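If you want the building blocks of each chain, they are given just below.
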Amino acid sequence: MSSAVEVVSTKPEQQSSQWALWLRQVSAIFRLEIQKNFLGRRAILIYLIALLPLFPLLVLAVVRPPGNEWKDFNTYGMIYAILYNGLILRTVVFFGSAWIFMNLFRGELVDRSLHYYFLSAVRREVLVVGKYVSGLVTSIVLFTSTTVISMLLLYLPHFYSQSSRYFTEGRGLSQILTYAGITMLACVGYGAFFLFVGLFIRNPIIPAVLLYGWEWLNFLLPPLLKKISVIHYLNSLVPVPISEGPFAVVADPTPAWIAIPSMLLVTVVVLVLAAYRIRHMEIRYGSD
Amino acid sequence: MSSADQLIIFDNVSKFYGEILGVNRVNLQIAPGITSLVGPNGAGKSTLMNLMTGLLRPTRGAITILGIPTDQPERLFRKVGYCTQFDSFPRGMTGREFLNAFLLVHGYDRKRANELSQVALERVNLVEAADRKVAGYSKGMRQRIRLAQSIAHEPSVLILDEPLNGLDPMVRAETMALFRKLASEGLHLIISSHILHEVDMMSDRVVLINNGYIVAEGNIHGVRDEMEEHPMQILIRCDQPAKLASYVFAQNHVVEARLHDDRGGLFVKTRDADRFYLLLNRAIAEGELNVESVAPVDDDMSAVYQYLIGTTGGSA
Numbered sequence: 004m005s006s007a008v009e010v011v012s013t014k015p016e017q018q019s020s021q022w023a024l025w026l027r028q029v030s031a032i033f034r035l036e037i038q039k040n041f042l043g044r045r046a047i048l049i050y051l052i053a054l055l056p057l058f059p060l061l062v063l064a065v066v067r068p069p070g071n072e073w074k075d076f077n078t079y080g081m082i083y084a085i086l087y088n089g090l091i092l093r094t095v096v097f098f099g100s101a102w103i104f105m106n107l108f109r110g111e112l113v114d115r116s117l118h119y120y121f122l123s124a125v126r127r128e129v130l131v132v133g134k135y136v137s138g139l140v141t142s143i144v145l146f147t148s149t150t151v152i153s154m155l156l157l158y159l160p161h162f163y164s165q166s167s168r169y170f171t172e173g174r175g176l177s178q179i180l181t182y183a184g185i186t187m188l189a190c191v192g193y194g195a196f197f198l199f200v201g202l203f204i205r206n207p208i209i210p211a212v213l214l215y216g217w218e219w220l221n222f223l224l225p226p227l228l229k230k231i232s233v234i235h236y237l238n239s240l241v242p243v244p245i246s247e248g249p250f251a252v253v254a255d256p257t258p259a260w261i262a263i264p265s266m267l268l269v270t271v272v273v274l275v276l277a278a279y280r281i282r283h284m285e286i287r288y289g290s291d
Numbered sequence: 439m440s441s442a443d444q445l446i447i448f449d450n451v452s453k454f455y456g457e458i459l460g461v462n463r464v465n466l467q468i469a470p471g472i473t474s475l476v477g478p479n480g481a482g483k484s485t486l487m488n489l490m491t492g493l494l495r496p497t498r499g500a501i502t503i504l505g506i507p508t509d510q511p512e513r514l515f516r517k518v519g520y521c522t523q524f525d526s527f528p529r530g531m532t533g534r535e536f537l538n539a540f541l542l543v544h545g546y547d548r549k550r551a552n553e554l555s556q557v558a559l560e561r562v563n564l565v566e567a568a569d570r571k572v573a574g575y576s577k578g579m580r581q582r583i584r585l586a587q588s589i590a591h592e593p594s595v596l597i598l599d600e601p602l603n604g605l606d607p608m609v610r611a612e613t614m615a616l617f618r619k620l621a622s623e624g625l626h627l628i629i630s631s632h633i634l635h636e637v638d639m640m641s642d643r644v645v646l647i648n649n650g651y652i653v654a655e656g657n658i659h660g661v662r663d664e665m666e667e668h669p670m671q672i673l674i675r676c677d678q679p680a681k682l683a684s685y686v687f688a689q690n691h692v693v694e695a696r697l698h699d700d701r702g703g704l705f706v707k708t709r710d711a712d713r714f715y716l717l718l719n720r721a722i723a724e725g726e727l728n729v730e731s732v733a734p735v736d737d738d739m740s741a742v743y744q745y746l747i748g749t750t751g752g753s754a
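Residue numbers (our numbering), protein chains in the order written: chain A, 4 to 291; chain B, 439 to 754.
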């Protein structure tokens, strides 16, 4: 064991501002986490979830189903809206975000490696930000890709030239960007919720299923209760509204200028609560 | 700088896990040097260490490390390094990547993190294995990389939970030498151990803990001296043990004198070792006997542990 090594005492740049330090720390946490999110063993399930809508669309690309609606280019907007709402938004983005964000802290408790962060000279609020941003980037990259590729995969195989014009000259581009934006917003909102839940509850599947049920039953809720959900605000933004069925309680969609800032504000509040929680958190792996 | 800025202070600290006692009413002031926490499994050693590092919060009382409260990790871990007993690591990393990653989280730039990692790896003698995956390390190597991680950012206080576990004898000796060197550089080292002879060898002071209570603290010999209900045992090897026995029996602080089985020495139990040594010196000076050696038999960690905690502790 060497004891002859000359140790030059250096601490992180004392002169640099706190913000510069926090930025460096967020960046270090982000790099560690993003690697885990994309390449860790838990990433396999995320890839499967993200690919979920592509399997039926690949089949549809090869075999066009019978029925006139599949031959009419104009109905594809509605077909995609149904696919997006039912499969991508409510299933892929919801469960994908649940898995990614809950594992940011819960996964480390299970792996018994969270203490390395807690034993670093980093504010725990900074840790929350670093982990949240890594989860956000992961979910946005995967699920906006799913959103965009799904749309292209639906349109292009059967109406190639018409679709090319639609996406380059027509409304297609704005629609695809809107859907991508809604997916990003969903990742922002669901992500904060699931990160928060993962800090409190040992088995986060239960609150995830409860929220899933609440979001699915949203169409039955009175207008006031509809607003206590993520899906209401997201549905308010979709370019092609879909019918929620004969039993739905109709409520006016929330305008984008309210829906988007509201979701961002709620996200910030949830992250502040998560930061407060992590600031006071103990590590007792045995009981986690 | 006030004295609180140089000490680790436990002020009436208690920790309960629900209704289960972790530690109770701990009042301690720990100065620089090597302090060993000694006690049987479940005594509360790791709880004390986790409280010191903010991984646990006290139910009552307060702890400061060099004047810093333990609920401010961003300040605390500029000064403190903690080598835990948790034998787990972030997946897929080499030893060097592991050290680098958390130095970057501390806020060091990449170049400085690389330098500090290299120094830490050299100090724990793990340079050759540094670029191998931690998952492939032996238990001793994992212990050493954890140790490297705790010293990499050059802390002033080093808290080590059973740091010698899993190390082979050679590395054990090297690691103890490293601890002594760090202590001589002015660091606080708080070490938990159940290997009593190692505690004896390296500690400046000990804290004995049992069932969540501090049983004794201080210099080992000082602690031993204060245990009046257990007279000190001394073995004197000399040419006339019987004569010495008759001589010491006259002293009221001597409670027992027994000839050694080989008739070449005398065991004495005394309530006042200092007075006994004076008496012995006088006898030697007067030429009444030739003394080959004088050795306290129970003035060590094992004896103190046995008297206070009631078991024989652990061995290597």
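Read the hints as simulated data drawn from the structure, not as lab findings.
No experiment lies behind these values; they were computed from the predicted model shown.
Take the hints with a grain of salt, since some may be wrong.
[Stated by the list, open to error] Restraint ranges, calculated between C-beta atoms of paired labels, are given here:
no.	chain 1	residue 1	chain 2	residue 2	range
1	B	Asn603	A	Ile47	33 to 39 Å
2	A	Tyr288	B	Ser740	28 to 34 Å
3	A	Pro68	B	Gly574	22 to 28 Å
4	A	Pro68	B	Ala573	46 to 52 Å
Ideal Cβ positions, reconstructed from N, Cα and C, are used throughout, including at glycine.
Hints, verified against the model:
| no. | hint | verdict |
| --- | --- | --- |
| 1 | Asn603/B with Ile47/A: 33 to 39 Å | holds, 35 Å |
| 2 | Tyr288/A with Ser740/B: 28 to 34 Å | holds, 32 Å |
| 3 | Pro68/A with Gly574/B: 22 to 28 Å | violated, 52 Å |
| 4 | Pro68/A with Ala573/B: 46 to 52 Å | holds, 49 Å |
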